[in-house]
Amino acid sequence: MRFPLAFAAAQLCAGIAVAQEIPPSERRSGTNFMSAETQAIQADDGSNPGMLWVLQGGSLWDEPAGASRRSCASCHGEAATSMRGVAARYPAFDAASGASIDLAGKIDQCRMTRQHATSLPRESEELLGLTAYVGHQSRGMPIAPPDDARLDAARAEGKRLFQTRMGQLDLSCSSCHDANWRGRLGGSAVTQAHPTGYPIYRLEWQTIGSLQRRMRGCMVGVRAEPFAYGSAEFVALELYLAERAAGLAIETPAVRP
Amino acid sequence: MSVAKHKFRVGRRGLILVGGAGLLVLALPPARALTRPSLQEAVNGFTGGTPVETGKVKLDVPPLVENGNAVGVTVTVESPMTAGDHVRRIALFNEKNPQADVAVFTLGSRAGRARIATRIRLATSQTLIAVAELSDGSYWSSSANVIVTLAACIEDLS
Amino acid sequence: MSRTLVSVPKTARAGEVIDIRAMIAHPMETGYRMGPNGQAIPRKIIRHFACDYDGEEVFSAEFHPAMSANPFVAFSTVATKTGTLTFRWTDDDGKVETASAEIAVS
Numbered sequence: 001m002r003f004p005l006a007f008a009a010a011q012l013c014a015g016i017a018v019a020q021e022i023p024p025s026e027r028r029s030g031t032n033f034m035s036a037e038t039q040a041i042q043a044d045d046g047s048n049p050g051m052l053w054v055l056q057g058g059s060l061w062d063e064p065a066g067a068s069r070r071s072c073a074s075c076h077g078e079a080a081t082s083m084r085g086v087a088a089r090y091p092a093f094d095a096a097s098g099a100s101i102d103l104a105g106k107i108d109q110c111r112m113t114r115q116h117a118t119s120l121p122r123e124s125e126e127l128l129g130l131t132a133y134v135g136h137q138s139r140g141m142p143i144a145p146p147d148d149a150r151l152d153a154a155r156a157e158g159k160r161l162f163q164t165r166m167g168q169l170d171l172s173c174s175s176c177h178d179a180n181w182r183g184r185l186g187g188s189a190v191t192q193a194h195p196t197g198y199p200i201y202r203l204e205w206q207t208i209g210s211l212q213r214r215m216r217g218c219m220v221g222v223r224a225e226p227f228a229y230g231s232a233e234f235v236a237l238e239l240y241l242a243e244r245a246a247g248l249a250i251e252t253p254a255v256r257p
Numbered sequence: 001m002s003v004a005k006h007k008f009r010v011g012r013r014g015l016i017l018v019g020g021a022g023l024l025v026l027a028l029p030p031a032r033a034l035t036r037p038s039l040q041e042a043v044n045g046f047t048g049g050t051p052v053e054t055g056k057v058k059l060d061v062p063p064l065v066e067n068g069n070a071v072g073v074t075v076t077v078e079s080p081m082t083a084g085d086h087v088r089r090i091a092l093f094n095e096k097n098p099q100a101d102v103a104v105f106t107l108g109s110r111a112g113r114a115r116i117a118t119r120i121r122l123a124t125s126q127t128l129i130a131v132a133e134l135s136d137g138s139y140w141s142s143s144a145n146v147i148v149t150l151a152a153c154i155e156d157l158s
Numbered sequence: 001m002s003r004t005l006v007s008v009p010k011t012a013r014a015g016e017v018i019d020i021r022a023m024i025a026h027p028m029e030t031g032y033r034m035g036p037n038g039q040a041i042p043r044k045i046i047r048h049f050a051c052d053y054d055g056e057e058v059f060s061a062e063f064h065p066a067m068s069a070n071p072f073v074a075f076s077t078v079a080t081k082t083g084t085l086t087f088r089w090t091d092d093d094g095k096v097e098t099a100s101a102e103i104a105v106s
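Chains as they are written, first to last, in UniProt numbering: chain A, 1 to 257; chain B, 1 to 158; chain C, 1 to 106.
Simulated from the structure, these hints should not be mistaken for lab results.
Don't be surprised by glycine CBs; every beta carbon is placed ideally from N, CA and C.
Warning: the hint list may mix true and false statements.
With a Cα cut of at most 35 Å, we get these calculated DSBU-like pairs of lysine-lysine [to be verified]: (1) B:Lys58 - C:Lys10; (2) C:Lys95 - C:Lys10; (3) B:Lys96 - C:Lys81; (4) B:Lys58 - C:Lys81; (5) B:Lys58 - B:Lys96; (6) B:Lys56 - C:Lys10; (7) B:Lys56 - C:Lys81; (8) C:Lys95 - C:Lys81; (9) A:Lys106 - A:Lys159; (10) C:Lys44 - C:Lys10; (11) C:Lys81 - C:Lys10; (12) B:Lys96 - B:Lys56; (13) C:Lys95 - B:Lys96; (14) C:Lys44 - C:Lys95; (15) C:Lys44 - B:Lys58.
Label pairs and their computed distance ranges (CB to CB) [as the list claims (entries may be wrong)]: (16) B:Thr74 - C:Gly15: 16 to 26 Å; (17) A:Thr164 - C:Lys95: 45 to 55 Å; (18) B:Asp60 - C:Pro9: 19 to 29 Å; (19) C:Ala40 - B:Glu41: 21 to 31 Å; (20) B:Asp60 - A:Glu243: 35 to 45 Å; (21) C:Gly83 - A:Arg150: 50 to 60 Å; (22) C:Gly15 - A:Thr113: 56 to 66 Å; (23) A:Arg182 - C:Ile41: 36 to 46 Å; (24) C:Gly15 - A:Gly66: 44 to 54 Å; (25) C:Lys95 - A:Ser97: 37 to 47 Å.
Could you build all of it, start to finish, from the sequences and the hints given here?
Laid out in structure tokens, this is it:
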């Protein structure tokens with residue numbers, strides 16, 4: 001635990017009343033809170049390190065895999081067409097499992113059930129590459145959560161989790177990201193926690209990582225036991241984050257400190 | 001996942017207490033820290049002891065950075081970049097990382113313009129210096145101070 | 001698998017100074033980090049980078065552990081003739097990765 005966070009969090013706790021949701025007119029991507037230098041790295045594809053994984057995902061897209069020896073491209077064709085807008089509406093309802101599924105989960109499902117290949121672990125280079133590649137095809141498109149009643153329960157659960165105090169610091173996601181998004185903690189902008197740029201290249205990690213890895217970081221920061229990768233809790237949080245960010249443009253791959 | 005802490009941050013006395021797991025990670029073997037050359041010694045190693053003049057070199061680096069893992073640096077040298085008068089090499093050195101060297105770039109007259117940009121790691125707030133070697137054998141330099149702040153949320157080791 | 005990203009203008013006039021950027025996916029492990037078991041993680045970095053224009057080296061660099069992960073460098077060269085720019089990254093073990101880009105010069 002870094003001391004600046006503990007210290008600043010104590011200050012945050014002192015000033016918190018009931019956190020209000022951010023009005024739509026005030027919603028802004030985390031990119032707006034970054035320094036000019038970080039924004040410049042993100043803005044230029046030739047300097048954005050996240051593009052290395054987008055490229056890697058692009059070559060995986062064309063590669064035959066699994067017992068089927070089929071590539072993603074053999075079924076889906078050009079990703080620029082077939083995957084455009086897909087990331088903007090994930091997580092979505094998955095009829096096969098009767099539950100909500102996020103983009104990385106959907107890609108892995110296709111890998112297992114359609115390519116007959118082994119499941120890719122969350123945070124593996126391959127799954128991050130494919131997710132970055134598919135996500136990148138929606139760059140510039142507004143986040144558009146599906147209007148699907150089968151997602152209501154999970155979305156409500158995500159909202160509840162977002163507003164539940166947790167960890168030794170007894171803070172909710174909302175305490176920071178709704179009530180104190182203008183603030184800074186130990187030098188970093190708190191931001192409104194919008195999932196616009198995932199997977200992101202994080203300077204801290206020196207590599208690319210998923211939204212779930214980012215959320216785990218925040219949970220560890222308040223000294224809570226983080227949810228497991230791919231868990232229903234994380235997908236629920238992702239659903240709520242997408243709803244909160246509806247209309248903001250996808251930026252994959254974003255760059256964060 | 002990440003087996004190691006992503007810590008190049010040796011500035012805070014080399015000790016980082018990692019959350020959750022409660023592990024004490026020694027980020028830098030202290031013995032090695034003591035044996036690194038000073039900034040001056042590192043520059044001398046590059047110039048072979050030739051005196052370095054101030055000027056001609058412009059070192060652009062943000063005065064305050066959000067994360068020391070990737071600090072953007074641009075070095076520009078005043079030079080016509082002709083066959084007879086050009087920048088041969090540009091070297092970058094730091095004051096407080098475990099090693100003084102950052103990189104040496106070899107340009108030559110075919111570069112057309114004496115400017116390079118890169119991204120470097122800074123373990124803590126410190127001084128950076130850029131030294132240019134010209135085709136006439138002279139050396140020119142410029143330095144800058146950078147303040148490194150930290151990101152707030154950290155991760156477990158799982 | 002493509003793990004390199006180079007940007008070179010597709011076309012240029014002879015004599016024009018062109019901007020080039022090159023990046024490669026590489027952890028640039030410093031050798032100064034400790035794993036959770038208390039053992040130092042061995043150093044593994046890209047040590048050398050070079051750019052050739054039609055077989056002639058026009059730029060090179062020597063990297064140390066203080067270069068960022070996924071090292072990035074931007075530089076320039078004078079467009080002389082239509083041809084190929086090749087990029088070479090060499091790591092501590094002598095392993096070489098390459099990339100190339102074509103330029104049409106008028």
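So, going through the hints one by one against the coordinates:
no., hint, verdict
1, B:Lys58 - C:Lys10, "holds (30 Å)"
2, C:Lys95 - C:Lys10, "holds (29 Å)"
3, B:Lys96 - C:Lys81, "violated (44 Å)"
4, B:Lys58 - C:Lys81, "holds (31 Å)"
5, B:Lys58 - B:Lys96, "holds (21 Å)"
6, B:Lys56 - C:Lys10, "holds (32 Å)"
7, B:Lys56 - C:Lys81, "holds (31 Å)"
8, C:Lys95 - C:Lys81, "holds (30 Å)"
9, A:Lys106 - A:Lys159, "holds (22 Å)"
10, C:Lys44 - C:Lys10, "holds (34 Å)"
11, C:Lys81 - C:Lys10, "holds (12 Å)"
12, B:Lys96 - B:Lys56, "holds (25 Å)"
13, C:Lys95 - B:Lys96, "holds (30 Å)"
14, C:Lys44 - C:Lys95, "holds (11 Å)"
15, C:Lys44 - B:Lys58, "holds (31 Å)"
16, B:Thr74 - C:Gly15: 16 to 26 Å, "holds (24 Å)"
17, A:Thr164 - C:Lys95: 45 to 55 Å, "holds (49 Å)"
18, B:Asp60 - C:Pro9: 19 to 29 Å, "holds (23 Å)"
19, C:Ala40 - B:Glu41: 21 to 31 Å, "holds (25 Å)"
20, B:Asp60 - A:Glu243: 35 to 45 Å, "holds (42 Å)"
21, C:Gly83 - A:Arg150: 50 to 60 Å, "holds (58 Å)"
22, C:Gly15 - A:Thr113: 56 to 66 Å, "holds (57 Å)"
23, A:Arg182 - C:Ile41: 36 to 46 Å, "holds (38 Å)"
24, C:Gly15 - A:Gly66: 44 to 54 Å, "holds (52 Å)"
25, C:Lys95 - A:Ser97: 37 to 47 Å, "holds (42 Å)"
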